[in-house]
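2 protein chains.
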Amino acid sequence: MKLEHVLIYGMGLMGGSLSLAIRESFPNAKVTAVVRSLRSKQSILEKKLAETAFTLEDKENIDFGQFDLVVFSTPVASLVSLIPSLPKGNSTIYMDLGSTKQTIVEAVDRHFGEYEHNYISAHPMCGSEQTGPEAAIPGLYRDKLCILTKPKHGSQFAMEFAKKFWETIGSWTISMDAKVHDETLAYVSHLPHVISTILVNVAGKNETTMDQVASITRPITGGGFRDMSRIAGSNAEMWISIFKENKTFLKHSIDDFIEQLTIFRNLFLDETNLDEAKIKSIWDLALKHKETIQKTK
Amino acid sequence: MKLEHVLIYGMGLMGGSLSLAIRESFPNAKVTAVVRSLRSKQSILEKKLAETAFTLEDKENIDFGQFDLVVFSTPVASLVSLIPSLPKGNSTIYMDLGSTKQTIVEAVDRHFGEYEHNYISAHPMCGSEQTGPEAAIPGLYRDKLCILTKPKHGSQFAMEFAKKFWETIGSWTISMDAKVHDETLAYVSHLPHVISTILVNVAGKNETTMDQVASITRPITGGGFRDMSRIAGSNAEMWISIFKENKTFLKHSIDDFIEQLTIFRNLFLDETNLDEAKIKSIWDLALKHKETIQKTK
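Protein sequence lines, in the order shown, are assigned to chains E and U.
Add 947 to a position in the first sequence, counting from 1, and you land on the number used in this note's numbering.
Add 947 to a position in the second sequence, counting from 1, and you land on the number used in this note's numbering.
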């Protein structure tokens, strides 16, 4: 596929890593970046993550129509405010890397109305606790899932372009309806981030635990806690944005969690007996679901 | 330190790995194992995890007094039923690898009464989702924390022996009171295992999620879910035993979790406003606690 001029609007870890992936798979493509600060602009040019960089102040001078591909890598809220300014009727392909889809697709539908357009919403399922273009990772998108969501009047051409683009940089793709995406992601991504964060705060509030933590110079936790807390508290701004966009499904997933945890907790109410068979069945079910979800069996 | 005859009573992953560690650090020590089945006995002898192996049926023929060190690597409930049969007054050092301490230490105190004895309860903070001696890992204990709990009348000699033993095989040690151990472990280990298991079951019960999972051949989950579910549903028998022994602290930790999760959930009740500052403060607190607990700052 041909790719000569790409605009990456917002160049943090995701956008920066995308630039590295484009440089690898499309060595002739020129990358232009839009960033927030002069400092970022300088750092991006120094690291050669883009040939040209604009700050937000210059953004009026950007002609979207001159690019083959424009990728928005900004929080969803900023993106939604940008969509109404997209030119209609040119051949530029638009994409975003948003973590939720309903709000984006609604804004796209509203903006383009009945016109066929080339906007496809993408969600590459990868990332890092690190932030900023300095943390850009070569190969971040390799072997990762990228979910593609086609708005109602998105063109088949744009959808095929998007699929081919992501596959060329090494991702594998599936298409998902916006609502299905947001509900599924609440359960497999947003809820896990909430749970990890709360877990750390629960341990952090227990005085006995924190006294022990303070009494020694090395961590008292094993691999279980380490894994369970890796994503805790990371990237607050991004998560607040995701939670806002997906609050209905997130609430449902939290309620489901509280419900199942309360059932488990109540197995211990009886001081003398413990329903071991019930715990065993909860454990076995988790093992089965884990294998199904992670395709290990 | 001198170590010639070691008995490892119960040889699964932990006991088998301990045998490998002893072979490395004490090449002259002879290891004897007690196992449940003839099949295990055969497999252990074939893999040279022990020079001699007894099944439970032969256990009457074992003279604890002939060993320098006896390590119990059985579920806590089996251990507690074994403690009353320990001979008093010999120089053998007794240890266990139990994941909870109060029940064990109470049984030890009850059995030895006012006599000074050589029983030290140890909790090496490591493991694996795998089970059985076939899964024994060389170096499992290297660079891991081993918590040592001295019962009221445990000898200083035994405590020093235990410390030196674990340090020789590469662990680092701290001593902890039994009750403090059980409360701390509820928060940094037992609760995380419950949370991981419930999380997988919550995702597994959501139809939209499972429809998407079923629709494709590769996992739709990212690194977050993978890490958060790694310990889910593993080793049901062991965990049921731990939960039984530590149910009061486990209940407290679950209640704390439900309380903090409910507070978070209620931040989303207002359909129009979201208390972003509050979410930010929860996220920042988690980051701070994570750094403190894991000593990364």
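Careful, some of the hints might be misleading.
A pair holds if it fits inside one copy or across any two, identical chains being indistinguishable in the list.
[To be verified] Only pairs whose alpha carbons sit at most 30 Å apart, straight line, appear in this in silico DSSO-like list of lysine-lysine:
#: 1; residue 1: K949; residue 2: K1227
#: 2; residue 1: K1194; residue 2: K1152
#: 3; residue 1: K1191; residue 2: K1227
#: 4; residue 1: K1242; residue 2: K1035
#: 5; residue 1: K1191; residue 2: K977
#: 6; residue 1: K1227; residue 2: K1194
#: 7; residue 1: K1242; residue 2: K988
#: 8; residue 1: K1235; residue 2: K1194
#: 9; residue 1: K1126; residue 2: K988
#: 10; residue 1: K1152; residue 2: K1097
#: 11; residue 1: K1152; residue 2: K1191
#: 12; residue 1: K1191; residue 2: K1225
#: 13; residue 1: K995; residue 2: K1191
#: 14; residue 1: K1225; residue 2: K1126
Just so you know, the hints here were simulated from the structure itself, not pulled from any lab data.
Each hint tested on the structure:
Within a single copy, K949 and K1227 get their C-alpha atoms no closer than 55 Å, and across copies no closer than 43 Å, so neither meets the 30 Å cut-off. With identical chains, the CA atoms of K1194 and K1152 are at most 30 Å apart both within one copy (26 Å) and between copies (19 Å). Taking the shortest Cα distances, K1191 and K1227 sit within 30 Å of each other only across copies (13 Å), while inside one copy they are farther apart (37 Å). Taking identical chains as interchangeable, the C-alpha atoms of K1242 and K1035 are never at most 30 Å apart, the minima being 42 Å within one chain and 53 Å between chains.
In this homomeric assembly, K1191 and K977 never come within 30 Å of each other (Cα to Cα): the closest approach is 35 Å inside a single copy and 62 Å across copies. Taking the shortest Cα distances, K1227 and K1194 sit within 30 Å of each other only across copies (16 Å), while inside one copy they are farther apart (33 Å). Taking the shortest Cα distances, K1242 and K988 never come within 30 Å of each other, neither inside one copy (42 Å) nor across copies (34 Å). When the C-alpha separation of K1235 and K1194 is checked against a cutoff of 30 Å, the pair qualifies both within a copy, at 29 Å, and between copies, at 25 Å.
Neither within a single protomer nor between protomers do K1126 and K988 lie at most 30 Å apart by alpha-carbon distance, with minima of 36 Å and 56 Å respectively. Within a single copy, K1152 and K1097 get their C-alpha atoms only as close as 45 Å, which misses the 30 Å cut-off; across copies the closest is 27 Å, which meets it. Taking the shortest alpha-carbon separations for K1152 and K1191, both the intra-copy value of 27 Å and the inter-copy value of 24 Å come in at or below 30 Å. Within a single copy, K1191 and K1225 get their C-alpha atoms only as close as 36 Å, which misses the 30 Å cut-off; across copies the closest is 13 Å, which meets it.
For the homomeric pair K995 and K1191, neither the shortest alpha-carbon distance inside one copy (34 Å) nor that between copies (58 Å) is at most 30 Å. Only between protomers do K1225 and K1126 lie at most 30 Å apart by alpha-carbon distance; the minimum there is 27 Å, versus 34 Å within a single protomer.
Consistency note: the structure conflicts with the earlier hints numbered 1, 4, 5, 7, 9, 13.
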